[in-house]
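Participant: Please take these sequences and the hints and turn them into a complete structure.
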Amino acid sequence: MSLARLLAVVRKELVQLGRDRLTFAMIVGIPTLQLLLFGFAINLDIRHLPAAVLDQANTMHSRELVAELASSQVLDFRRVVAAPQEIDAAMRRGEISVAVVIPQDFETRLARPDRPAWQVVVDGSDQSVQAAARQLSAFPLASLDYGAAANRPGTRAVPSVEIVNFYNPERRAPINTVPGLIGVILAMTMVIFTAMAIVRERERGNMEMLIATPLSPFELTIGKVLPYVGIGLVQVTLILLLGELVFDVPVRGSLLEVYLAAIVYIAAMLSLGVFISTLADSQFQAMQMAFFTFLPQILLSGFMFPYDGMPRAAQWLAEIFPLTHFLRLIRGIMLRDAALGEMWHELAALAAFVVVMLSVAVLRFRKRLD
Amino acid sequence: MAAEARAQESVIVAHGLTKRFGDLVAVDHLDLDVRRAEIYGFLGPNGCGKSTTIRMLCGLLRPSEGEVSVLGQALPRGAETVKRAIGYMTQKFSLYEDLSVRQNLEFLAAVHGLRGASARARLEEMYARYHLGELKERLAGTLSGGQKQRLALAGAVLHEPELLLLDEPTSAVDPQSRRDFWDALFDLAEAGTTLLVSTHYMDEAERCHRLAILDRGRLVADGSPQRLMADLPGSTFRVDCGQPRRVQLALAREAHVLGVAQIGSSLRVLTDRRDGADWLRERVRAIDADAEVEAVAANLEDVFVAATRKSAVEAAA
Ligand SMILES: Nc1ncnc2c1ncn2[C@@H]1O[C@H](COP(=O)(O)OP(=O)(O)OP(=O)(O)O)[C@@H](O)[C@H]1O
Ligand SMILES: [Mg+2]
Numbered sequence: 000m001s002l003a004r005l006l007a008v009v010r011k012e013l014v015q016l017g018r019d020r021l022t023f024a025m026i027v028g029i030p031t032l033q034l035l036l037f038g039f040a041i042n043l044d045i046r047h048l049p050a051a052v053l054d055q056a057n058t059m060h061s062r063e064l065v066a067e068l069a070s071s072q073v074l075d076f077r078r079v080v081a082a083p084q085e086i087d088a089a090m091r092r093g094e095i096s097v098a099v100v101i102p103q104d105f106e107t108r109l110a111r112p113d114r115p116a117w118q119v120v121v122d123g124s125d126q127s128v129q130a131a132a133r134q135l136s137a138f139p140l141a142s143l144d145y146g147a148a149a150n151r152p153g154t155r156a157v158p159s160v161e162i163v164n165f166y167n168p169e170r171r172a173p174i175n176t177v178p179g180l181i182g183v184i185l186a187m188t189m190v191i192f193t194a195m196a197i198v199r200e201r202e203r204g205n206m207e208m209l210i211a212t213p214l215s216p217f218e219l220t221i222g223k224v225l226p227y228v229g230i231g232l233v234q235v236t237l238i239l240l241l242g243e244l245v246f247d248v249p250v251r252g253s254l255l256e257v258y259l260a261a262i263v264y265i266a267a268m269l270s271l272g273v274f275i276s277t278l279a280d281s282q283f284q285a286m287q288m289a290f291f292t293f294l295p296q297i298l299l300s301g302f303m304f305p306y307d308g309m310p311r312a313a314q315w316l317a318e319i320f321p322l323t324h325f326l327r328l329i330r331g332i333m334l335r336d337a338a339l340g341e342m343w344h345e346l347a348a349l350a351a352f353v354v355v356m357l358s359v360a361v362l363r364f365r366k367r368l369d
Numbered sequence: 000m001a002a003e004a005r006a007q008e009s010v011i012v013a014h015g016l017t018k019r020f021g022d023l024v025a026v027d028h029l030d031l032d033v034r035r036a037e038i039y040g041f042l043g044p045n046g047c048g049k050s051t052t053i054r055m056l057c058g059l060l061r062p063s064e065g066e067v068s069v070l071g072q073a074l075p076r077g078a079e080t081v082k083r084a085i086g087y088m089t090q091k092f093s094l095y096e097d098l099s100v101r102q103n104l105e106f107l108a109a110v111h112g113l114r115g116a117s118a119r120a121r122l123e124e125m126y127a128r129y130h131l132g133e134l135k136e137r138l139a140g141t142l143s144g145g146q147k148q149r150l151a152l153a154g155a156v157l158h159e160p161e162l163l164l165l166d167e168p169t170s171a172v173d174p175q176s177r178r179d180f181w182d183a184l185f186d187l188a189e190a191g192t193t194l195l196v197s198t199h200y201m202d203e204a205e206r207c208h209r210l211a212i213l214d215r216g217r218l219v220a221d222g223s224p225q226r227l228m229a230d231l232p233g234s235t236f237r238v239d240c241g242q243p244r245r246v247q248l249a250l251a252r253e254a255h256v257l258g259v260a261q262i263g264s265s266l267r268v269l270t271d272r273r274d275g276a277d278w279l280r281e282r283v284r285a286i287d288a289d290a291e292v293e294a295v296a297a298n299l300e301d302v303f304v305a306a307t308r309k310s311a312v313e314a315a316a
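Protein sequences, first through last, are from chains W and V.
Using numbering that gives the first Met the number 0, you'd call the opening residue of the first sequence number 0 and step up by one each time.
Using numbering that gives the first Met the number 0, you'd call the opening residue of the second sequence number 0 and step up by one each time.
No lab work stands behind these hints, which were simulated from the structure alone.
The beta-carbon is built from N, C-alpha and C at its ideal position, and this holds for glycine as well.
A hint or two may mislead.
[What the hints assert, rightly or not] Pairwise CB distance ranges (calculated): (1) W:Ala3 - V:Ser63: 27 to 37 Å; (2) W:Met0 - V:Gly21: 28 to 38 Å; (3) W:Leu294 - V:Phe185: 51 to 61 Å; (4) W:Met0 - V:Ala116: 16 to 26 Å.
[Claimed, not checked] Okay, the calculated bits of chain V under chain W, using three or more residues with CB under 8 Å as the criterion: (5) 76-83; (6) 89-99; (7) 107-120.
Facilitator: Encoded structure:
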C-alpha cells in the first residue's frame, strides 16, 4: 500500500470528475430536484380537489358548512352521496379524492368538546391530497363559530373536524421527509457513481493497462472512491441548507453528529457500489444493479411506509439495509435532538455493513482479467 | 564478453503454456524462449492467441496449464514483481481519453513511483523523444492514431522497463509513422530493453530479431526471419500467364500447392515439391499454354502460408 499511488488515483479521478459535466450536474441536480419535488408535493397549495359530500344531518349548519367549503375552492363537490359505501366506491374508482362526512348528530357533536363534529375522508395514497386536507382542518369556518362560541371557543379538546386518512395511516410533512431524503439521495447517487466509475475503467479498457502496473486493487478502489465521500458530504450540506431555507427543517441535534452519521452511511453506500462494480460488466448493468438495491431500501427502510406496520419478514430484511439504520440515526439527531451515542447500535450496524461489503468486494476484485 | 553472456540470458521462458476459455483452446502448449535485448515477434492471423499469450506473460491472465517464467519470476506467483519491471502497450488504446497527454503521463509516473525532479526530467525526456511536447495539453481522446500510439509507447516505457510487451502497436498507423515507430523500438532494444511485439504485418515481422508464428493457438514455426525463409520446405515461383484467375483456381486444388496468390497480373505459387519448377510448368501449361514459370526468393509470407498449411493438415490428420 503506497500513499503516493493512492493519491495519484484520487487526483486523476478528481480531474476526470471536473471534466465530466453530466456527473457534476447530477451531483447538484439530483438532491435539489428531489428535495424540491418531495417538499413541494407536500406543501403545495392545492385547489379543486374532486370531492363528495355525505350530509346525514342536513341542518342549516351543515348546509352552511358545505357551502363554505365549496366557496373556499379547495374542494370541488362533484357528488352528493347518500351512504358511506358510495364514498368507498367512488374513491376506489378515483372519481373523488376527498369526502366530507357530516354525521346525523352534527348539532349535538358541535356542542360537545370531546368528539369531532364532522369528518374529512382522504385518499391517503396521494400525499398532496393529505396535505390539502390538513389545510382544511385549519380552515377558519364561519359556520362553525356558532357551535364553537356556544361552547366557549379555544377550549375544545378535539378539533371540530376529524381527518381520516385512507391508505396511508402515517401522515408526513417536510420535517419528516427532508432528513429521510438525505439517506435516499445518497443511496441513489453514491452507489451509482462509484459502481459506474469503477466499471467504466473496465469498459473503456483502462483496467487492462492498470492491472499491468504496480497499482494494487486496494489503492485503486479506495483512490477511486475517496473523492465521492467529499461529493456525498457536499450533497448532505446542500440538502440541509435547502431544507432549512425552503422548508424550515431544523437540525435540533448536533450538526457534527449529522455529518458523522452521514460519513459512515456514505461509506456503506460506497462499499455497496464497489461490490456492484465487481459483478457488473458494463456501466448500464451497474446502473441497473444500483437501482435494484435502491428500490427495496426506499420501500422497506421506513422512508415510504412506517417500519412498524411492515410484516416481520420485511422488517428483518430492512435491518440489512443501510438506509434503515441511517434513517433512524438522522431522524433522531435532526428531529429529536438525540445523541449519536444513544444510537450507537445503528452506527455499528452501518459499520458492519461496510466491513462485510468491502471484504467481499476486495476478495472478488482480482487483479486479473479472468 | 559479459555483454554477450547477458545477451544470451532468457527473459521469457515458457513450456506448454496453455489457455482455455471454456471449450476453446486460445493458446495451445506454447514453448517460448525470448532473450535479453532482442525484438521478438508474434506473427499470426486474427484470433490466433497473440493477445492471450501476451496477457499471460504480463500476469493478467492465469495459464490453464504449463509453466512460464518472466524475468526470472515464475508466474502467476511472481506476477506483482514482474509488473514493476515490464511495460505493456495494449492492443486497444487504454490510457484515459478524458485526460490530457500530460495528465496521463503524470498519473503513470506516480503509479510507478517516480517522484519530484526525476519524474519531471523523465517526462520531459518522453515529450522530446516521442514528439509529444506540442500535444502536452491536448486530451488523449482527441489525438490521431499515430499520436495516440506514441503516447501509449511513452506511457509503457516511462518507468524504464526491462521487458516491453507491445500488442499490435502499429494497427491504425500510416506507413511513415510505422517506420518511425520501429526506429523507436530499435533504439529501445539497443539500450538493452527486451521487446515482444505482436503483429500481422509481414514487413514488421521481418524486422524482428526472432519470430514465432502462431496459428490457432499453436506455435507453428519459430526462429530468425532469415532462418525461417531459408528453411522453407518447398519453393516459390512467379507464374506469368494470360488468365491468372483461372490458373489460380485450378492450382489451389492441387495437393502440392501450399498457396497461390495473385499479385498484379502474375501469380505467386508456393509448392512443397523439391522439383517444383518442372512440375509446376507442366501443370500450368495444361491450363494456359502461354504461362511462364520462374523461381523467386521466398519471403515471410511464404513461410507463414507453409507453416499454417502444415499445421492445418496435421490438425486434420
Ligand atoms: N476472455 C475471453 N473469453 C473467451 N474467449 C476469449 C477471451 N479472450 C480471447 N478469447 C478467444 O481466444 C482466441 C484468441 O484471442 P486473442 O485475442 O488472443 O487473439 P489475437 O491473436 O490477439 O487476435 P487479434 O489479431 O484479432 O487481436 C479468440 O478465438 C478469442 O475469441
Ligand atoms: Mg489481439
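Participant: Against this structure, judge whether each hint is valid.
Facilitator: Consistency of the hints with the structure:
At about 36 Å, the beta-carbon gap between Ala3 of chain W and Ser63 of chain V stays in the expected band of 27 to 37 Å. Hint check: Met0 of chain W to Gly21 of chain V, Cβ distance near 36 Å, so the stated range 28 to 38 Å holds. In this structure the supplied range 51 to 61 Å holds for Leu294 of chain W paired with Phe185 of chain V, their Cβ-Cβ distance being about 59 Å. Between Met0 of chain W and Ala116 of chain V, the C-beta spacing of about 25 Å keeps the proposed range 16 to 26 Å intact.
Coverage of the region 76-83 of chain V by chain W holds. Counting CB-CB distances below 8 Å, 4 residues qualify, and the rule asks for three or more. Interface restraint, the region 89-99 of chain V with chain W: holds (9 residues with C-beta to C-beta distance below 8 Å; minimum three). Counting residues of the region 107-120 of chain V whose CB falls under 8 Å from any CB of chain W gives 6; the rule of at least 3 is met.
Of the hints listed earlier, there is not a single one the structure fails to meet.
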